[in-house]
Amino acid sequence: MNPILKVDDLLDSRLMARLDRLDVISRKIFAGKIQGERRSRRRGQSVEFADFRNYSHGDDLRFVDWNIYARLDRLFLKLFLEEEDLSMVIALDMSMSMDGGNPKKFDYARRLAMALGYIGLVNNNRVSLFGFGAERIERLTSMRGRRRTREMGRWLLDRRAEGIGGFTDGMRTIALGGQGRGVLIVLSDFLFPDGYEKGLNYVAGRGFDVFALQLLAPEEMDPARHGLAGDLRLIDIETSKETEVTASTAVLTQYRKSLETYVAGLRDFSVRRSITHQVVETSLDLDTLLLDYLRRRGLLA
Amino acid sequence: MTLFAVTWLAPLAASIVALSTIPPLVALYFLRLRRTRRVVSSTMLWKRATQDLRANAPFQRLRFSLLLLLQLLALALVVLAIAQPQFEFGESQSRRIVFLIDRSGSMNVNDAPGDRSRLDEAKQLAENRVRSLSSGGIFSGSAPSVMVIAFAKDAQILCPFTDNSAQAITAIQAIQPTDETTALSDSFELARAFSTVTDPDKQSTVEVDAPAYELFSDGRIVDLSQSVLRGGEQVIFHSIGKTTTTNAGIGGVALSRNPNRPEEVQIFARVVNWASEPFAEDIEVFVDDRLRAITPKPVEVPASQDDKALGIRIPGDTQVVFPSLPLPKGGVVEVRIAKHDALIADDRAVVVAAPPESLRVALVGRGAFVMRSILEGMPLESLDVYSLSEWNDKLKKDALTPDTFDVVVLDDAMPDDLSRGRYLIFHSPPIGTGISSYGTKNNLSAQSIRDEHPLLQYVNLNDIFVSSMTAVAAGGDADVIVESSEGPMILTFNRGALTLIYVTFDPMESDWPFQRGFVNFFANSIEWLAAGGSSVADEPLAPGDVAKARLPIGANEISMMYPNGKAIPIDEKDPSNISYGPLRTSGVYRMNWSVPKEKNEPTSMAFAVNMNSRIEGRADAAAEVKFATERVAGIQGGASVETAAWPWLLLAALAVLFLEWWVWLRRV
Chain E
106 MNPILKVDDL
116 LDSRLMARLD
126 RLDVISRKIF
136 AGKIQGERRS
146 RRRGQSVEFA
156 DFRNYSHGDD
166 LRFVDWNIYA
176 RLDRLFLKLF
186 LEEEDLSMVI
196 ALDMSMSMDG
206 GNPKKFDYAR
216 RLAMALGYIG
226 LVNNNRVSLF
236 GFGAERIERL
246 TSMRGRRRTR
256 EMGRWLLDRR
266 AEGIGGFTDG
276 MRTIALGGQG
286 RGVLIVLSDF
296 LFPDGYEKGL
306 NYVAGRGFDV
316 FALQLLAPEE
326 MDPARHGLAG
336 DLRLIDIETS
346 KETEVTASTA
356 VLTQYRKSLE
366 TYVAGLRDFS
376 VRRSITHQVV
386 ETSLDLDTLL
396 LDYLRRRGLL
406 A
Chain Z
68 MTLFAVTWLA
78 PLAASIVALS
88 TIPPLVALYF
98 LRLRRTRRVV
108 SSTMLWKRAT
118 QDLRANAPFQ
128 RLRFSLLLLL
138 QLLALALVVL
148 AIAQPQFEFG
158 ESQSRRIVFL
168 IDRSGSMNVN
178 DAPGDRSRLD
188 EAKQLAENRV
198 RSLSSGGIFS
208 GSAPSVMVIA
218 FAKDAQILCP
228 FTDNSAQAIT
238 AIQAIQPTDE
248 TTALSDSFEL
258 ARAFSTVTDP
268 DKQSTVEVDA
278 PAYELFSDGR
288 IVDLSQSVLR
298 GGEQVIFHSI
308 GKTTTTNAGI
318 GGVALSRNPN
328 RPEEVQIFAR
338 VVNWASEPFA
348 EDIEVFVDDR
358 LRAITPKPVE
368 VPASQDDKAL
378 GIRIPGDTQV
388 VFPSLPLPKG
398 GVVEVRIAKH
408 DALIADDRAV
418 VVAAPPESLR
428 VALVGRGAFV
438 MRSILEGMPL
448 ESLDVYSLSE
458 WNDKLKKDAL
468 TPDTFDVVVL
478 DDAMPDDLSR
488 GRYLIFHSPP
498 IGTGISSYGT
508 KNNLSAQSIR
518 DEHPLLQYVN
528 LNDIFVSSMT
538 AVAAGGDADV
548 IVESSEGPMI
558 LTFNRGALTL
568 IYVTFDPMES
578 DWPFQRGFVN
588 FFANSIEWLA
598 AGGSSVADEP
608 LAPGDVAKAR
618 LPIGANEISM
628 MYPNGKAIPI
638 DEKDPSNISY
648 GPLRTSGVYR
658 MNWSVPKEKN
668 EPTSMAFAVN
678 MNSRIEGRAD
688 AAAEVKFATE
698 RVAGIQGGAS
708 VETAAWPWLL
718 LAALAVLFLE
728 WWVWLRRV
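Which chain is which? The protein sequence lines are E and Z, in order.
Quick note, the first sequence lines up with residues 106 to 406 if you use the working numbering.
Quick note, the second sequence lines up with residues 68 to 735 if you use the working numbering.
Calculated from the structure, these hints are not laboratory results.
Treat each hint with caution, since some may be false.
[Claimed, not checked] Heads up, simulated DSBU-like pairs for lysine-lysine below, C-alpha to C-alpha not over 30 Å straight-line:
no.	chain 1	residue 1	chain 2	residue 2
1	E	Lys303	Z	Lys114
2	E	Lys346	Z	Lys114
3	Z	Lys406	E	Lys209
My request is simple: use the sequences and hints to build the entire structure.
Structure representation (C-alpha cells):
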C-alpha cells in the first residue's frame, strides 16, 4: 500500500465513486439538529413507514393513504419516521501502537476514516473527526457536505501516531462533547495497556450507535506467517519496553490463544453494551471492507 | 582421589577441561541467543502468552534455557568421563591399597569355581582387582599404589607399595600354598610400618597415610579378635570359598614307646569333625608308606557344636588308639582318614618314630650320688664320670670333646671352655654366656613357672624350697623357665654350638631331689638337650615351624628333600646346629647329608610336619570377618568390583547432544 503523502492518497477517485452509493445507517433513531438532506432526496422512494393514524383537520393531505380510503372510505394518515441529519463521529486512535504493522495500522485507519467520513459528508450527515492519543485530543467537528472532503483529508494527513494510550480520555471527551446522538466509529487496535473497558463504557449508553473497528496488522493476527520466529527481542513501540520471546510453536500457539481471548473479550464486552465490534485485518482491501464487511455488519447501506 | 565411593583416576584433567569449556559454553550460549530485535505495536499479548506458557510448564526455570541446560549436561558428562570414575559398588578406597592374601591351610580347600583351590581363586580375584585399578583408560590417571602381603602363620611382603601393576601381579602369582595357621595381625603391622611417612621438616611428627586393606580370605583367621583397625583404616573383605563346605581331619597324632618293650610303639590319633553332621570313616596307619593297621570299624566323630557363649564353633573329636606296633628301627608313621574330603592336607598326619634313643652322657664335677643314680637309671648308651680337672684336661687335648657326648652334666662345676656342647649345669654360673652372678640368695621358692615348657613336663615346682641360690642376671640369649622372687632359677641358653640348661641352685641345697619331679626334670633335660634344644624328638612340627637338627661332626653336602621330592641344598658350616625353615606345607621332610665312609653313622633325618585340623581344619568360609573393633561383611565374587564408567558417560553425553539437537530443531 502506498504511503500517504497527499490527500488523494487517502481516498482515490475510483473508490470515491463507489462510495457515493453508500450511506451510513444507524439502528437508532436520532433527533438531529437540522433536517438533513436525505429526507427530500429519498421522499417517495425509501421512506420508512411507521404507523397509521386517523386524519384530522390540518394534516398534510400528501400523507393520506388513498388506497385505504378507496377500500374503507375513511381517511388515514401514513406516518413516516422523520429522517434527520445523522451525527457521524469517527474516533481515530493516534497512539503509537497504531504506527506498527505492515501496512501501518494508522495509515489504514486514516484511509478508512477518510472513506467513512466521505460517505457521511456526501450523505449530508454531520461528520466529526476525533483523534486521541497520549494526553491529546484533536478534533475536526461538524462538517457537512461533500465540499468539506478535502478539509477532512488535510486534517487526516496532518495527524501523527504518537504517545501512549489516551483511549479513555478520548472516549470521555467524545461522550461529553455534545456532538449529538449518532454513529460513533472507533478506529483502533484496542491494545491499550490500561484497558479499553473504561473508555467504551463512556460512550456506550450515551446515545451513540457505536461501531468498534479493531484494526490489527497481519503480523499481529498470525506472527508465524509474517516472519516472527526464533529468538526475538520484541520492542513495544509505545513503551519501548523489551520482551524476550523464543517464538517456538508452543509460544506461537499460546499467542494465538491470547489474541483470540483478547478479541473475544472485547467482543463480549461490546455485545453487552450494544456496541458493534468488528476485527479488521489491515491487509484487507479497503473496498472489500467498506462494500462488503461493513455493509454486512450494518454500518453502511 | 575417592569421593562418593567412586575412584577418580584423572580429576585434574577433568578440572582443567571443565574450567576451560563450561564458561565459554555459557558465554557462547548467550552470544548465540543474540535475539532479533523486532518492533511491534504492543508486547501485551506476547507477555500474556509467555506468562501462560510458563504457568503451564512443569519445569519453569529449566525451560527458559533448556538448550543451555542440555549442553551443560552433555559437557558435564564429558568432564566426568575425562575424570574416569571407577565405581566400586559401595566400597571406598584409599590411594594406597594393601592386598592381604590368605595362604593358610584352609585356603587349599578345593571349593572355588572350576574345582580350583581357594588360594587360586583369591589370587585370580586379586589379580583382576589390580588390573581394574590400573586400567587407566584414555587419559593418564594415576592408579593407586598397591602392596601385596601373603599371610598365614606369619606375614610376608611380596611386593612393597608400587604403582607398577605388573610387579604386583607377578607377586600375587608367586604366592605358594601353605598348610599353616592363619594370623592377620602381623600383616597389619607390616602394612602400617610401610604406610608411615616421616616428614623430615617436622622431625617429631609422624604422619600415617592410612591404607585401604583388601582381604582375600575364607575368613577363618585365628587372631581376628586381637586385630584392631585404627582410625581411617578400611577393610574390604573378599570372601573366598563356600560357606557350606565341611571337613574332617586329623587333629593330632602321637607316638609312645613301650618302656618295657622299647621296640614297640603305640599310636594315638585325634580325629576332628567340623561338619554339623556326625562323621564316620575308617582310619588307617601307614609305616614307611605301607599299611600296617586300620580301625576295625569306621570311627564315629560327633558333629561340631556352636558355643554361643564364646561365639566359636567347637569341632567334634574322637581319640583313636591303635594297638602297639613293632618299630625297632623307627620309621615314618602316617595316620590317614581313608576317604579324602575338601581339604586333603589334614586328612593325614605323620610322625617320625626315631629308633630307641641311646645317649652318651658325661657327668662332670662332684658326681653327686643323686644325679649319678638318676643317670644310671636312664637307658643310656654310656655314662662317663669326670672330675672337673679331668674334664679340663680332655678339653685341652681336644676342644671338640663336648661334641662326643650328647649331654654333659656339670654338677657345681664350670670347665675352662664352655664354647660348644649341650650342658645341664647346676649351681655354677656358666662362663662366656653373658649370664652374670651377683651373689647368693637364700630361702626361695618358685614364683613364675612356665608349665608348658617341655623341660617341665610332669614337673611340679610349686612346692620346691631352695635354701641357697646363685643370683644371676640373664642375658639376651637366655630364656627363663622358672623364676623366683630374687631372679631366675632355671633358664636355657642357646648360642651357636652351645646349648645349656642352667639351674641356678644346687639341688642338694633344696628339697627338690626328694620330689619325683626332679627325676622327670632330669630326664626331660637330657632328652631336650639331646634333641638339639627343641621339643621331644618324635613330636611333629606344625606348618611354619623351623626344623632343627644336630648332625654328626663332619657331615657335609646337606640338603633338605621336600614332600614333593624336590631337594634344596643347605649351606651350613656347623652341622651340629642346623636350623632350616620354615617348613610351610605338611608332609615328611628329609634332611640328607654325607659323612666320611669310615664312620658308620646315619645320613638322613626325617621331619614330620602336620596341619592341625583343630586349628586350621574349619572349611566353611566366613561371610564376614569380626575384628575387635568392627565387623566387615564379605564381597562374594568381587572380580569386577570396580568398573570404569567413562564409556557410559560419553555415550550419555552423546545422547544428550542428540536431545539438545532435537529440541533446537523443534524450536526453530
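Structure-based check of all given hints:
For the suggested pair Lys303 (chain E) and Lys114 (chain Z), the alpha carbons sit about 22 Å apart, so the restraint of at most 30 Å is met. Annotation: proposed proximity of Lys346 (chain E) to Lys114 (chain Z) holds, straight-line Cα distance about 11 Å (limit 30 Å). Using a Cα cut-off of 30 Å, the hinted pair Lys406 (chain Z) and Lys209 (chain E) is violated, with the two alpha carbons roughly 108 Å apart.
When held up to the earlier numbered hints, the structure conflicts with hint 3 and nothing else.
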